[in-house]
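Visitor: Chains A and B, in that order, give the protein sequences. FYI, this note's numbering numbers position 189 of the first sequence as 200, with every residue one higher than the one before it. FYI, this note's numbering numbers position 62 of the second sequence as 63, with every residue one higher than the one before it.
Note that these hints are calculated values from the structure, not bench results. For every residue, glycine included, the Cβ atom is placed at its ideal position computed from N, Cα and C. Hints are not guaranteed to be accurate.
Which residues of chain B face chain A? A partial, calculated answer using Cβ under 7 Å [to be verified]:
| # | residue |
| --- | --- |
| 1 | THR41 |
| 2 | GLY45 |
| 3 | PRO65 |
| 4 | VAL181 |
| 5 | GLU182 |
| 6 | ALA184 |
| 7 | GLU207 |
| 8 | THR224 |
| 9 | ALA225 |
| 10 | ILE235 |
| 11 | ALA241 |
| 12 | PRO249 |
| 13 | LYS251 |
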Amino acid sequence: MDTVRIGSLVLAMGVLAACSSDDSAGEGTLRVKISGEEAAKGGYPVGSGDDEIAFSDGWTLQFEKVLVSLTDFKLQGEDGDDAEVEAGSVVADLHLGDPRLWSFENVPARRWDRVGYRYAPPTSKSKKANDVDDADIERMADEGYALLIEATAKKAERTVPIEFGFAFEVTMTRCENGMDMTDGVVVANNAVNEAQVTVHLDHLFFDTFAVDDASLHFDPMAAMAPESGPLTLDDLAKQTNLSDLKSAEGSPLELAYDPGSVFKPIPRNLDEYVVSAATTTGHWNGEGHCIYTRH
Amino acid sequence: MKWSRWLLVFLCACGSDTAGQSISIGWTVASAADESKSFTTDTGWQVTLDEARVGLDSVFAIAPAAEKQGAVAFLSHLLVPVAHAHGGHDDASGLRVRAELLDPVVVDVLADGPERFGSLPGEAGEVATIKLELARPDSDLPDSLHGFQAYVRGVAEKNGEQVPFAGGVHIADDEPSRRVETAVKFELSEGGTLTLAVSAAEWLREADFDRLPEADDADREITADSQVGRAWMIGVRSPAAFEVTWKPRKD
Chain A
12 MDTVRIGSLV LAMGVLAACS SDDSAGEGTL RVKISGEEAA KGGYPVGSGD
62 DEIAFSDGWT LQFEKVLVSL TDFKLQGEDG DDAEVEAGSV VADLHLGDPR
112 LWSFENVPAR RWDRVGYRYA PPTSKSKKAN DVDDADIERM ADEGYALLIE
162 ATAKKAERTV PIEFGFAFEV TMTRCENGMD MTDGVVVANN AVNEAQVTVH
212 LDHLFFDTFA VDDASLHFDP MAAMAPESGP LTLDDLAKQT NLSDLKSAEG
262 SPLELAYDPG SVFKPIPRNL DEYVVSAATT TGHWNGEGHC IYTRH
Chain B
2 MKWSRWLLVF LCACGSDTAG QSISIGWTVA SAADESKSFT TDTGWQVTLD
52 EARVGLDSVF AIAPAAEKQG AVAFLSHLLV PVAHAHGGHD DASGLRVRAE
102 LLDPVVVDVL ADGPERFGSL PGEAGEVATI KLELARPDSD LPDSLHGFQA
152 YVRGVAEKNG EQVPFAGGVH IADDEPSRRV ETAVKFELSE GGTLTLAVSA
202 AEWLREADFD RLPEADDADR EITADSQVGR AWMIGVRSPA AFEVTWKPRK
252 D
């Protein structure tokens with residue numbers, strides 16, 4: 012290290028030491044709600060025109076319950092700062108509405124560019140964000156479900172009840188803000204700031220994670236439905252070749268589900284594929300993606 | 002600029018002392034010929050390959066999400082401008098790129114020996130992801146790829162039936178379509194070597210060759226809308242088909 016560098020180092024250390032206090036920009040409130048958007052309430056198809064989201068194979072689907080258990084909301088900065096917000100476990104039913112998950116008072120006003128949260132099964136301390144049945148929370152805790160979805164799919168004369176329980180934990184980190192595609196969120200001084208965890212349920216039915224223009228299919232799932240009782244993730248495991256999905260009679264549907272390279276472990280059947288897809292459902296303020304880590 | 006936060010980062014920096022320092026590393030493609038020339042698919046076909054190549058547009062070694070820089074390197078970067086041939090961030094994840102190969106290469110998967118592609122500039126530190134971008138469709142692809150971004154030719158056999166086949170994959174130009182990410186865990190350091198191995202067995206692991214279109218006295222073509230074409234499209238972007246290892250320099 013030459014003299015100039017040593018001089019710069021000494022100068023900077025002095026400046027760092029001298030300027031490390033009292034630069035507060037004030038405080039604000041951050042309220043975080045959760046939404047499954049219109050799909051969670053009204054099912055598929057949803058939207059209209061170019062914005063319509065619909066199954067490409069003619070199915071319709073109505074959700075009856077969209078239960079999500081979340082915890083560990085993080086509000087941090089790339090610079091290492093941490094708002095150290097208290098965000099306990101909470102369970103919400105997105106079919107019933109868009110309830111508030113957490114409200115944080117006296118948060119230092121600044122851009123918090125490292126926002127994240129976690130899907131995790133409920134605990135005995137979990138709170139209800141809206142009118143969730145106690146029995147459902149107990150079942151999620153017993154089965155280790157972070158997500159539990161009940162729905163009914165229909166096509167022509169056929170009706171398929173669905174019950175998907177996702178027994179995993181997923182940590183979302185470095186979430187982009189879907190409002191402006193910046194990192195995290197800005198907490199403004201002396202203001203009530205609103206933000207949203209957004210759950211994209213259409214991911215559960217995407218036929219690809221390798222490209223951006225996925226289609227929604229249900230024929231390969233319906234093909235594995237039992238004669239009685241709801242279709243479960245265990246039933247989807249019977250679709251064993253993602254490049255060669257079969258009808259109920261065993262004939263080729265000439266369809267594939269392409270997981271791309273984003274999932275670890277690599278899904279090898281339709282059960283594993285849909286569970287992997289579910290790890291990507293959590294967003295931030297609409298379309299903002301996060302880094303998804305499955306545990 | 003909030004100087005107090007610079008101080009905070011300095012106090013919190015706790016990576017290795019060399020993290021972030023400029024280094025030079027080697028870049029090699031290993032032979033995977035033994036496992037790729039002949040293999041059995043999950044669908045029960047015994048496959049023997051005569052050709053298997055894939056074009057790569059670029060390779061990136063990406064730092065983990067919880068990036069923390071060594072204190073010495075942090076101050077060095079803070080106080081002294083450092084020229085980086087890399088040093089950017091991955092567009093898709095926003096994570097730091099430790100090293101990158103930007104010269105397109107064609108990997109001959111059946112080559113008997115390793116192929117060394119020279120040295121790369123990089124920076125020391127932990128790597129969690131290798132991102133490979135397959136060749137662009139409009140790039141000047143060599144004749145050995147037959148106009149495709151990846152190409153195979155061989156024979157599949159099952160229950161006495163032999164199916165000679167050949168074909169390539171066309172992948173859209175957008176980056177997500179050409180991206181393959183594979184998880185790794187190692188720490189780049191001066192003089193070490195990154196080695197890539199490609200498995201053609203993974204490309205075709207779910208292929209059912211009797212579903213290829215019939216052809217008279219010729220190889221049956223792997224078309225994009227055939228089951229084999231779909232299986233290969235999944236396989237060629239599977240992280241299981243690409244293994245990246247790190248070998249530090251022997252002191």
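Visitor: It remains to establish, for every hint, whether it holds in the given structure.
Guide: Quick rundown of the hints versus the structure:
no.: 1; hint: THR41; in the structure: violated (15 Å)
no.: 2; hint: GLY45; in the structure: violated (12 Å)
no.: 3; hint: PRO65; in the structure: violated (10 Å)
no.: 4; hint: VAL181; in the structure: holds (5 Å)
no.: 5; hint: GLU182; in the structure: holds (5 Å)
no.: 6; hint: ALA184; in the structure: holds (6 Å)
no.: 7; hint: GLU207; in the structure: holds (5 Å)
no.: 8; hint: THR224; in the structure: violated (12 Å)
no.: 9; hint: ALA225; in the structure: violated (11 Å)
no.: 10; hint: ILE235; in the structure: holds (5 Å)
no.: 11; hint: ALA241; in the structure: holds (6 Å)
no.: 12; hint: PRO249; in the structure: violated (25 Å)
no.: 13; hint: LYS251; in the structure: violated (29 Å)
Hints 1, 2, 3, 8, 9, 12, 13, counting from the list given before, are not met by this structure.
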